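Novice: Produce the complete structure using the sequences and hints provided.
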Amino acid sequence: MVAVGLWGAFLGAPAIWLLPIVFPVVMAFGGVLGILGIELPWVETGIAVSAIVLGLMVALGVRAPLAVAAVLVGAFAIFHGHAHGTELPAATDAIAYSVGFVVATGLLHLAGIALGSLTRWPAGKIAVRAAGGAIAIAGVIFLGVLG
Amino acid sequence: MTALSGSALLSGFVAGLMHPLSITAHVVALVGLGLMVGQQLHRRATLVAFSLGLILGLVALAAAVGETRAPLVLLSGAALAGLAAASGWPLPSILGAPLALIVGTAIGLDSPPRVASMAAANAALVGTALAAFAAVAVIAVIAERMGQGWPRIGVRVLGSWIAAAAILVVTLQATR
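Chains as they are written, first to last, in the working numbering: chain V, 1 to 147; chain Z, 148 to 323.
Be aware that one or more of the hints could be misleading.
Computed list of chain Z residues with no C-beta within reach of chain V, every gap over 10 Å [to be verified]: (1) S152; (2) L168; (3) A207; (4) L208; (5) V220; (6) A281.
For each label pair, taking beta carbons as the anchor points, the in silico distance ranges come out as [said to hold, decoys possible]: (7) V/W42 - Z/L157: 51 to 61 Å; (8) V/V68 - Z/T215: 40 to 50 Å; (9) Z/V195 - V/G61: 47 to 57 Å; (10) V/A64 - Z/S158: 52 to 62 Å; (11) V/G147 - Z/P298: 44 to 54 Å.
Keep in mind the hints are simulated off the structure, nothing from the lab. All of these numbers come straight from a predicted model, not from anything done at the bench. Beta carbons: idealized from backbone N, C-alpha and C, even for Gly.
Specialist: Rendered as structure tokens:
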């Protein structure tokens, strides 16, 4: 989630504001699939890979076209949403759970965007790229734990 | 009117005021609708339709209408209002007013007063209607005053959060 915000900051407008608006809605679509019991293969792996890929995009400062960024982030949003949607039926208060995790997701995006705003300074750009690298490494560790 | 019945009326009214502001689903719907209304170019018809819906729903409730799917309808309306707010497209009144009417009716039907006397129950219904209308109007004014730029993007982000949360719960409730 933080990587989405960081990458949005790297890509600049309109990605910086489009991704945080589109992500929750696409994530909800993934959640609907989870609630309906529609199986999605390799959900946990997909989440780990999303951290690796998005972290690398930030670390390498990749300026992908908006359509490519939206499709990539959207695909990962479906994995995240599916995992949350599968957990939702067990939650005691569905609406409070849904509001909570959607708001938490959004706040992580905003945290990423705020951190990403450091890219206007040369030292900040290095810090943001380092954060992307750390996210990618965390994704690799998560993938190793899954394996 | 005795002091006791006056006190019961007041407590019923306050309970009604607090009801839509203390139920998460109602808060989600009111915020979503308020954000949508705030982005409309002509919002009077939508606000009037919302008021009519509230009155309709509360009157039906007072007439002891049976159990309804109001919570499901309420969150479906919240999802649509949230999507409209997230899109940044000023919804025309011909679409906004019916949506507001449906959400208002659903809020009314989903607000049974939990008080002892009939008079206090009526006071609670009045309180619910006032609080729900005031919430939508205030949020609409705030959303409208956000103008362009980052504050406007904040309104759209909030709209997408409302839509996402509501879509998930609607799906869950519909499949139960």
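Novice: Are there hints from earlier that the structure breaks, and if so, what are their numbers?
Specialist: When the structure is compared with the hints, none of them turns out to be violated.
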